[in-house]
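Novice: Chain residues, written in single-letter form:
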Amino acid sequence: MTDRKNPTHITRRTALTYIGAGMAALALPGQSYAASDKTLRYGLSTFPPALTPWNNTGAASNYVKLCLYRGLMGYDSEAQLVPEVAESYEWVDGNTIVFKLREGAKFHNGEPVTAEDVIFTFTSITAEDSSAYLKSSFESIDSMEAMDATTVKFTLKLPSAVFLSELANYCAGIVWKGSDPEDPIGCGPYTKTDEERGVFIEVTAFPDFYSEGEPRSGKIRFTAYSDQNLRYAALETGDVDVIEYLPWTQFDTVEESEELNIAATVSPFMLALFNVEKDGPFKNPLVRRAVGYAIQRQDVVDGVFAGRGTPLLGIPNPPGSPYDLSDPSIEYSYDPEKAKALLAEAGYPNGFSCRLLGTSTYGMHQDTAAIVQAYLQMIGINATLDLPDWATRVKKGKDGDYDIAVHGLSGFYNDPNALWPLLHSGPSNYTRSFGFASDRIDDLLERGRAAMDEAEREEIYKELAVAYYEEVPQIPINWRGQAHAMQASVKGFKGFPGWLNTSSGFSFDTTEPS
Amino acid sequence: MLRFALNRALSAGLMLLVVGTVVFSILFLVPGDPAELLLSSDGITASPDAIASLREEMGLNKPLLAQYGEFLVNALRFDFGVSLIDKASVGDTIATRLPRTIELILAGLVLAALTGIPAGTYAGLRPGRRFDRIASAVNAVLISLPGFVIGTLFIYIFAQFLRWLPAGGYTSFFTDPWLHIKQLTLPAITVGLHLFSIIFRMTRASVLEMRGNDWVRTAVAKGLSRKLVVRRHVLRNALGPVITVVGLQMGILLGSTVLIEFIYNWPGLSGYLVTAVQQRDYPSVRGVILVVSALFILINLMVELLYSMLDPRIRLE
Numbered sequence: 001m002t003d004r005k006n007p008t009h010i011t012r013r014t015a016l017t018y019i020g021a022g023m024a025a026l027a028l029p030g031q032s033y034a035a036s037d038k039t040l041r042y043g044l045s046t047f048p049p050a051l052t053p054w055n056n057t058g059a060a061s062n063y064v065k066l067c068l069y070r071g072l073m074g075y076d077s078e079a080q081l082v083p084e085v086a087e088s089y090e091w092v093d094g095n096t097i098v099f100k101l102r103e104g105a106k107f108h109n110g111e112p113v114t115a116e117d118v119i120f121t122f123t124s125i126t127a128e129d130s131s132a133y134l135k136s137s138f139e140s141i142d143s144m145e146a147m148d149a150t151t152v153k154f155t156l157k158l159p160s161a162v163f164l165s166e167l168a169n170y171c172a173g174i175v176w177k178g179s180d181p182e183d184p185i186g187c188g189p190y191t192k193t194d195e196e197r198g199v200f201i202e203v204t205a206f207p208d209f210y211s212e213g214e215p216r217s218g219k220i221r222f223t224a225y226s227d228q229n230l231r232y233a234a235l236e237t238g239d240v241d242v243i244e245y246l247p248w249t250q251f252d253t254v255e256e257s258e259e260l261n262i263a264a265t266v267s268p269f270m271l272a273l274f275n276v277e278k279d280g281p282f283k284n285p286l287v288r289r290a291v292g293y294a295i296q297r298q299d300v301v302d303g304v305f306a307g308r309g310t311p312l313l314g315i316p317n318p319p320g321s322p323y324d325l326s327d328p329s330i331e332y333s334y335d336p337e338k339a340k341a342l343l344a345e346a347g348y349p350n351g352f353s354c355r356l357l358g359t360s361t362y363g364m365h366q367d368t369a370a371i372v373q374a375y376l377q378m379i380g381i382n383a384t385l386d387l388p389d390w391a392t393r394v395k396k397g398k399d400g401d402y403d404i405a406v407h408g409l410s411g412f413y414n415d416p417n418a419l420w421p422l423l424h425s426g427p428s429n430y431t432r433s434f435g436f437a438s439d440r441i442d443d444l445l446e447r448g449r450a451a452m453d454e455a456e457r458e459e460i461y462k463e464l465a466v467a468y469y470e471e472v473p474q475i476p477i478n479w480r481g482q483a484h485a486m487q488a489s490v491k492g493f494k495g496f497p498g499w500l501n502t503s504s505g506f507s508f509d510t511t512e513p514s
Numbered sequence: 001m002l003r004f005a006l007n008r009a010l011s012a013g014l015m016l017l018v019v020g021t022v023v024f025s026i027l028f029l030v031p032g033d034p035a036e037l038l039l040s041s042d043g044i045t046a047s048p049d050a051i052a053s054l055r056e057e058m059g060l061n062k063p064l065l066a067q068y069g070e071f072l073v074n075a076l077r078f079d080f081g082v083s084l085i086d087k088a089s090v091g092d093t094i095a096t097r098l099p100r101t102i103e104l105i106l107a108g109l110v111l112a113a114l115t116g117i118p119a120g121t122y123a124g125l126r127p128g129r130r131f132d133r134i135a136s137a138v139n140a141v142l143i144s145l146p147g148f149v150i151g152t153l154f155i156y157i158f159a160q161f162l163r164w165l166p167a168g169g170y171t172s173f174f175t176d177p178w179l180h181i182k183q184l185t186l187p188a189i190t191v192g193l194h195l196f197s198i199i200f201r202m203t204r205a206s207v208l209e210m211r212g213n214d215w216v217r218t219a220v221a222k223g224l225s226r227k228l229v230v231r232r233h234v235l236r237n238a239l240g241p242v243i244t245v246v247g248l249q250m251g252i253l254l255g256s257t258v259l260i261e262f263i264y265n266w267p268g269l270s271g272y273l274v275t276a277v278q279q280r281d282y283p284s285v286r287g288v289i290l291v292v293s294a295l296f297i298l299i300n301l302m303v304e305l306l307y308s309m310l311d312p313r314i315r316l317e
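Chains V and A are the protein sequences, given in the same order. FYI, in UniProt numbering the residues of the first sequence are 1 to 514. FYI, in UniProt numbering the residues of the second sequence are 1 to 317.
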């Protein structure tokens, strides 16, 4: 029996009362923060796996990287290519270019940005053991020379029409030469001040940033919302100011909303790839072309992307490209009769069976695969779906463990040369048809890159569009919509057009929350 | 008792060794290359020599047996290595994230127990009456609704529509206690609803069984108040099975709150595990699985001990 009269005795009930009161006391509002500076809250689609300046670790990383690191070239708020850490540049001839660096540009540790740092950066990117995304691109640099502390001369092995665009890439940030390789120091508009792995990253404006009056936000807090619906909910409830990868089903809602704005473009494209090395039907370009005529592309746009996209009928010339490469004679249409005729011509009048690879990790890949499967069925191709997780998908693509595959691809700037990694032959990877190589396409890409004359380039890429149709390295399906959504009160944020969309982080310089 | 504990500790150690070995080997059978994955995103991929350099840097080119030995020796010292992706310490990440998952589960459990046990008891004492019928019907709905459906509905109703609570996220209690509790509310209720249905069902069935026993009739016959009979004779005996099931559920929840953590952006352990699996971040996957297994074993051991305290007839031999 418990002695209920003993005042010091704590029964379970009184203990619970104390605990409850304690919890309630703790739950009282904590001290509120005086907003000393405006913080922009940005909803990322995934937490950046790594922020190593020169590796491509995905779109989410790029937004943060553009806060910390900047390269010689960049984009202004209208997405025009402009000198960034460089103040100006001058082509001496097709192979030689001289950059004058900004006076007063500083790294986050206070050291001035010098020609030596630029040379250090590109030497590191192209070093033997480098894992830099642009390693092979910058291997085009023959030599670099510091003419004085802030002037640096690059000599290229071949003329390059796209060298400046490559310098503006988010994987080409200039890094202080004395940096610890584990923690490279950049000269971007922000410095990283707080982070919890997997949850958020907070960056604070760098007071010595070279561009006067920028950045406009005192801080940017990047929070990762992997679930697209929650990311949108967080925007709607006002938990964040800007989100990326607005779900396609919400485009309408945001467009109609008075509180929210949308910045939409079409950017990546969906396509079909083939295993052309295996002795099978897809080795024959006629069969691949038949697939091109078999798919009703609008169905994919409507069914998978809620109508937010456009059918892609020919070469994926990036939106915003300087050249118009469209030509109906080398473009696909929905024509099942023609597809069947092509199959018959190739020796498969009764169709055949094959394996169609996609991934269950991304709904859009899975759904596109299902629609493609249905349309293939109609011309007699029986495709069995193979939908492993993303990691397995990448491996199977690289090993050629498929017959036909559905995929989404992108480039990083709006010039046809950005198709190089997707079309030029090279060691096998999951972004190209397995075993596909065409000397004709390789040659055109190489000539397009080296040509400095606009008219000449246009001719070359028009020929490339023909080669794309005739050699069938891939079957285009559709462009898909890509959008940022933001509070109507946010000023200055721009979603860049086309393949520059993942470089939209440049516009953080001018972005201001309300 | 001591012998029992020693026996158990030994078998727990063996189990962990088996778990560690299985996890280690399975990861190498699953296709996917962490170096290639890290450098391949958004339809862009790196050159093969960039991938090769990164593989070398990640230490993936060492012989398998050497990697296995290193893993075992380090695990013994609670050193789970560093993430392949960003070199963050796996042990530190687990130490940050595990308490959040436990907090979420415990908050859900407290809510579920505070409601489930009284409701189950009441329903069990008056089977077939109105309360029992309604509560059992609600329970049937709850048990068949998956957490992610409830979660999505909750976010829509309480965050997007009513705007009472944030849509998700996490803030440390020490940064902003009020926001922390607001952010905990919806996920904890979501976890709690499922647990509630289990606790309610078990308690009801168990109470129903106990109340028909002779000693209960005797207690009533000798004039004990109804309250006392229920508390001392019915409930005390009825709670044994409930505790077993709750213990098991706790272990299961450690690994399966993932959908709820995902929906509410609650940065707990299972979200970490899923990301690690997707990235093929081997050390992180191994670390989390080992820790969760160890906890699972520990919880079961505690349940057994608790059981024997509730019912001294159960001897621990």
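Quick caveat, the hints were computed from the structure, so don't treat them as lab data. Careful: at least some of the hints might be erroneous.
Below are the DSBU-like pairs computed for lysine-lysine, each with C-alpha atoms no more than 35 Å apart in a straight line [what the hints assert, rightly or not]: (1) Lys62(A) with Lys494(V); (2) Lys192(V) with Lys227(A); (3) Lys38(V) with Lys87(A); (4) Lys219(V) with Lys182(A); (5) Lys182(A) with Lys494(V); (6) Lys192(V) with Lys100(V); (7) Lys278(V) with Lys219(V); (8) Lys494(V) with Lys177(V); (9) Lys219(V) with Lys87(A); (10) Lys106(V) with Lys87(A); (11) Lys62(A) with Lys177(V); (12) Lys494(V) with Lys38(V); (13) Lys87(A) with Lys62(A); (14) Lys494(V) with Lys100(V); (15) Lys87(A) with Lys177(V); (16) Lys222(A) with Lys278(V); (17) Lys62(A) with Lys491(V); (18) Lys395(V) with Lys87(A); (19) Lys192(V) with Lys87(A); (20) Lys219(V) with Lys462(V); (21) Lys192(V) with Lys222(A); (22) Lys62(A) with Lys395(V); (23) Lys278(V) with Lys192(V); (24) Lys283(V) with Lys192(V); (25) Lys38(V) with Lys62(A); (26) Lys491(V) with Lys395(V).
Computed footprint of chain V on chain A; a stretch qualifies when at least three of its residues, placed anywhere within it, have a C-beta under 8 Å from a C-beta of chain V [to be verified]: (27) 147-159; (28) 189-197.
Where a beta carbon is used, it is the ideal one built from N, C-alpha and C, also for glycine.
Novice: All the hints need checking, so say for each whether the structure fits it.
Specialist: Hints and how they fare:
no.	hint	result
1	Lys62(A) with Lys494(V)	violated (46 Å)
2	Lys192(V) with Lys227(A)	violated (61 Å)
3	Lys38(V) with Lys87(A)	holds (32 Å)
4	Lys219(V) with Lys182(A)	holds (24 Å)
5	Lys182(A) with Lys494(V)	holds (33 Å)
6	Lys192(V) with Lys100(V)	holds (28 Å)
7	Lys278(V) with Lys219(V)	violated (53 Å)
8	Lys494(V) with Lys177(V)	holds (32 Å)
9	Lys219(V) with Lys87(A)	holds (26 Å)
10	Lys106(V) with Lys87(A)	holds (28 Å)
11	Lys62(A) with Lys177(V)	holds (31 Å)
12	Lys494(V) with Lys38(V)	holds (18 Å)
13	Lys87(A) with Lys62(A)	holds (17 Å)
14	Lys494(V) with Lys100(V)	holds (28 Å)
15	Lys87(A) with Lys177(V)	holds (22 Å)
16	Lys222(A) with Lys278(V)	violated (87 Å)
17	Lys62(A) with Lys491(V)	violated (51 Å)
18	Lys395(V) with Lys87(A)	holds (23 Å)
19	Lys192(V) with Lys87(A)	holds (17 Å)
20	Lys219(V) with Lys462(V)	violated (46 Å)
21	Lys192(V) with Lys222(A)	violated (73 Å)
22	Lys62(A) with Lys395(V)	holds (20 Å)
23	Lys278(V) with Lys192(V)	violated (49 Å)
24	Lys283(V) with Lys192(V)	violated (50 Å)
25	Lys38(V) with Lys62(A)	violated (49 Å)
26	Lys491(V) with Lys395(V)	violated (42 Å)
27	147-159	holds (count 4)
28	189-197	violated (count 0)
Against the hints set out earlier in the document, violations occur for numbers 1, 2, 7, 16, 17, 20, 21, 23, 24, 25, 26 and 28.
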